[in-house]
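Okay, here's what each chain looks like letter by letter:
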Amino acid sequence: MVFNSLVFVVFFVVVLGLYRFLPSWPAKKVLLLVASYVFYGAWNPPFVLLLLFSSVIDFWAARRMAAAEPGRARRLFLMVSLVGNLGLLGFFKYGTFLLDNFVALAGKLGVDWHPAAPDIVLPVGISFYTFQTLSYTIDVYRRDLKPVKSFLDFAVFVSFFPQLVAGPIVRAADFLYQLERERFVEARALGWGLFLMTLGLFEKMVLADGMLADTADAVFGAMGPTSQLDSWLGTIAFAGQIFCDFAGYSICAIGASLCFGFHLVDNFRFPYAAVGLRDFWRRWHISLSTWLRDYLYIPLGGNRRRMAFALMATMVLGGLWHGASWNFVVWGTLHGLYLVIERRLGRAFGQKPWARHAGVRVLLGVLTFALVCIAWVFFRARDLPGAAMVTASMLGAIPAPPILPTLSIVKVVVVMGGLIGMHVVMRNRSIEAVMARMRGGTVIAVWTVMLIAIVLMQGGGDAFIYFQF
Amino acid sequence: MPSSISSSDAREHEIHRAIPERGWLGMAATAAILAIAALIGWELHVRGRGYEPDYDNTPGLWVPLRAKASGATREQIVLVGASRTLFDIDLDVLQQATGGARPLQLATVGSSPMPIFTHLAEDPTYAGTTIVGVVPGLLAAPAGPPIETPKKFITKYENWSPADAWELPISLWLQEHLAFIHEQDLRLPALIGRIELKNRANARVPPRLPPNLATIDLDRRVRMAEWARTDEVYMREIQQIWIPLFTPPAKPDVFTDEQWAKMFADAWDAILVQAKANVEAITARGGRVIFVRHPSSGGVLELEEKYNPRAKFWDRLLEETGAPGIYWADYPELADFECPEWSHLSAADSVEYTKRLVAILKRERLL
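Chains as they are written, first to last, in the numbering used here: chain L, 1 to 469; chain H, 1 to 367.
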């Protein structure tokens with residue numbers, strides 16, 4: 001079930017209504033669990049068993065881990081959790097990729113082997129809930145967190161429908177305590193949650209699907225190279241599309257959670273106003289970048305002398321987290337390289353007075369956006385040759401005729417100009433602070449326009465891009 | 001404060017989102033009322049412009065029919081093709097004439113029949129009587145929208161979920177009651193797309209499709225709107241819309257004439273090989289395949305004869321596949337049908353056309 005569907009509207013109203021009037025907290029939690037399983041099963045009912053499996057394994061492993069003496073027994077239960085979760089992820093997400101590459105390698109070595117196609121269907125959102133449950137068992141292993149006593153609480157944490165399939169990746173420490181006390185539907189939180197849901201749907205349906213997707217599709221789906229201007233416009237359109245798609249989902253998730261009385265962390269903070277790649281990753285998909293920092297980068301020695309290795313390994317694995325393809329490996333590698341070079345340059349020049357000059361920071365901001373866009377090419381292109389062709393077109397290496405209609409250019413310039421301008425203005429602000437000061441009539445006007453635009457999209461939007469991860 | 005989240009004193013990890021101090025529910029209600037009022041105004045406006053509640057020709061309508069085709073036997077007629085199959089074949093007439101089950105209309109607009117034809121052929125349970133409507137330029141298309149459009153329908157069928165099944169009745173109910181829900185003409189991107197700006201040379205401008213030309217029912221029977229048929233100015237306007245759509249794409253500079261011609265020739269050969277395999281697969285299971293070339297007129301017919309002459313296209317299709325076919329111009333009782341906008345029959349003519357087509361199919365023992 002997707003947020004941008006009529007059936008979700010009905011589902012949300014029914015679940016929220018029942019939640020409001022159920023008399024006890026345990027009953028409300030049972031409702032949330034059942035609703036979350038219905039929400040997830042609405043894609044593919046058998047995959048609910050995966051959620052249940054993940055919940056049971058990690059609940060059990062964490063309990064046994066906490067009760068065990070320090071040493072091998074604790075590590076054993078941690079391994080059970082890691083193998084269970086990463087095994088599922090590996091099979092469903094990387095099985096076909098590994099097999100294909102093994103077959104290709106065998107072919108290079110002269111072995112002509114053609115195994116049957118595995119035909120594996122990827123469960124929606126498996127990367128998100130796998131990382132979520134792993135954070136729990138690792139935190140318990142590190143004794144940063146006590147194991148939860150109630151299986152119901154843990155199952156609700158794993159499957160909580162607003163953020164189940166595309167994040168934010170919620171840490172156990174940030175959510176489980178919220179299940180200890182009853183959460184109520186409160187008027188102000190409900191209204192603000194509905195505003196955030198409207199904003200998220202507007203970003204997704206109107207800006208991403210309605211205004212930007214066709215330009216990105218035209219450039220990345222072209223049978224050949226496109227002109228330099230068109231290649232940049234298509235890539236910038238994709239930069240906007242993926243932001244509005246993913247940030248839109250996160251805002252919807254945060255808003256929907258608020259309606260039920262739950263508070264989730266931010267996942268985006270105006271990333272296209274970032275100055276430097278380090279700043280970018282503090283603003284883009286924050287729940288993933290902090291997860292990778294705490295559970296991968298630091299354990300790999302990132303805070304010590306192995307910074308470059310830890311950064312590269314973290315970003316390459318972060319790329320692979322998005323999908324089993326060499327394109328994502330290149331995307332992660334590029335970001336790893338960007339970050340390593342930035343660190344080195346930062347050490348050499350960061351303290352120079354000119355480095356803090358406003359003009360230099362603007363130029364660095366533009367450069368950051370350009371580098372992010374070049375990496376997006378590999379994220380969006382169908383394959384590596386396609387990405388290489390778009391990149392070459394962006395660099396002006398392949399002369400090609402223009403393909404984009406003027407209207408597409410106008411849409412990209414207007415929407416992306418507005419979006420980036422808003423990111424710059426909001427760089428050090430929060431939407432809550434801005435909305436608190438905005439005149440009531442303006443808020444109502446903005447809300448009304450967003451509602452009308454969403455309805456005029458007629459539900460014709462596509463699924464959220466990040467569902468496939 | 002860059003973040004809207006703060007830590008609570010009570011607990012180190014507690015997340016507390018700031019909620020602006022405003023009457024949010026009141027503002028929500030006001031915004032909703034204003035939006036509903038604006039949409040009522042929009043609904044009245046589009047009704048005044050001739051729109052009426054109608055279904056959208058989306059995969060949601062198609063998927064249940066495709067599901068019924070699985071397990072179909074020879075008695076079940078299944079139609080694949082492009083918009084001519086949708087406009088020109090009257091399902092009531094076809095059902096009455098054959099005395100069987102309701103024919104399954106699986107054609108999709110602007111499409112090559114090949115993706116859906118192949119999908120049926122590769123379904124081991126399918127053994128229906130398959131009437132494949134062929135539009136020369138679309139059947140010969142190697143890639144692009146004529147292939148991608150039907151593939152979207154197939155993808156939706158293969159990924160049909162309980163959520164899709166629950167969504168469908170809600171969506172249909174709205175479509176039955178609201179005229180402004182009209183995906184092709186009145187969706188926001190279509191409205192923005194009406195803005196006309198001067199384009200650069202070589203720009204690939206999306207095809208302009210004729211607005212509000214037809215209606216579709218739950219069985220996917222498409223009927224040309226009677227008001228549209230009788231509006232000669234509108235018909236002439238649509239005729240000019242078809243011209244670029246039926247003109248092959250210009251050769252990119254990176255190819256020589258020979259390379260460009262060879263690419264299309266190779267693609268056409270591959271299509272014929274696939275079509276032959278499809279015919280063999282369906283007939284081997286006891287089904288039938290009949291190709292039908294529906295009428296076209298005027299400038300569209302001229303373009304079709306210019307770029308896909310009959311000998312190269314139609315005669316070779318039947319020769320390579322070994323399947324029977326009906327070419328409308330070969331039969332005096334069909335040859336006189338005129339398409340008012342050069343590509344599709346009017347609703348009234350489609351009834352008579354289907355009657356005569358069925359009579360021919362029976363006469364030639366194809367049904």
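Read the hints as simulated data drawn from the structure, not as lab findings. All C-beta atoms, glycine included, are put in the ideal place defined by N, C-alpha and C. Hints are supplied without guarantee of correctness; some may be wrong.
[Said to hold, decoys possible] Simulated restraints on C-beta separations:
{"hint": "1", "chain 1": "H", "residue 1": "K306", "chain 2": "L", "residue 2": "V10", "range": "48 to 56 Å"}
{"hint": "2", "chain 1": "L", "residue 1": "D217", "chain 2": "H", "residue 2": "E176", "range": "26 to 34 Å"}
{"hint": "3", "chain 1": "H", "residue 1": "G23", "chain 2": "L", "residue 2": "R293", "range": "16 to 24 Å"}
{"hint": "4", "chain 1": "H", "residue 1": "E176", "chain 2": "L", "residue 2": "W113", "range": "49 to 57 Å"}
{"hint": "5", "chain 1": "H", "residue 1": "P206", "chain 2": "L", "residue 2": "G301", "range": "38 to 46 Å"}
{"hint": "6", "chain 1": "H", "residue 1": "P309", "chain 2": "L", "residue 2": "L105", "range": "47 to 55 Å"}
{"hint": "7", "chain 1": "L", "residue 1": "M79", "chain 2": "H", "residue 2": "G26", "range": "49 to 57 Å"}
{"hint": "8", "chain 1": "L", "residue 1": "N303", "chain 2": "H", "residue 2": "A201", "range": "22 to 30 Å"}
[As the list claims (entries may be wrong)] To give an idea of the interface, some chain H residues facing chain L are shown, with a C-beta separation under 10 Å as derived from the structure:
{"hint": "9", "residue": "T30"}
{"hint": "10", "residue": "I243"}
{"hint": "11", "residue": "E320"}
[To be verified] Quick look at which bits of chain H chain L covers, simulated, 3 or more residues with Cβ under 8 Å:
{"hint": "12", "region": "89-101"}
{"hint": "13", "region": "156-163"}
{"hint": "14", "region": "188-197"}
{"hint": "15", "region": "204-218"}
Structure-based check of each hint:
no.: 1; hint: K306(H) to V10(L): 48 to 56 Å; in the structure: holds (53 Å)
no.: 2; hint: D217(L) to E176(H): 26 to 34 Å; in the structure: holds (31 Å)
no.: 3; hint: G23(H) to R293(L): 16 to 24 Å; in the structure: violated (40 Å)
no.: 4; hint: E176(H) to W113(L): 49 to 57 Å; in the structure: holds (55 Å)
no.: 5; hint: P206(H) to G301(L): 38 to 46 Å; in the structure: violated (52 Å)
no.: 6; hint: P309(H) to L105(L): 47 to 55 Å; in the structure: holds (49 Å)
no.: 7; hint: M79(L) to G26(H): 49 to 57 Å; in the structure: holds (54 Å)
no.: 8; hint: N303(L) to A201(H): 22 to 30 Å; in the structure: violated (56 Å)
no.: 9; hint: T30; in the structure: holds (5 Å)
no.: 10; hint: I243; in the structure: violated (18 Å)
no.: 11; hint: E320; in the structure: violated (26 Å)
no.: 12; hint: 89-101; in the structure: violated (count 0)
no.: 13; hint: 156-163; in the structure: holds (count 3)
no.: 14; hint: 188-197; in the structure: holds (count 7)
no.: 15; hint: 204-218; in the structure: holds (count 3)
Checked against the numbered hints above, the structure breaks hints 3, 5, 8, 10, 11, 12 and satisfies the rest.
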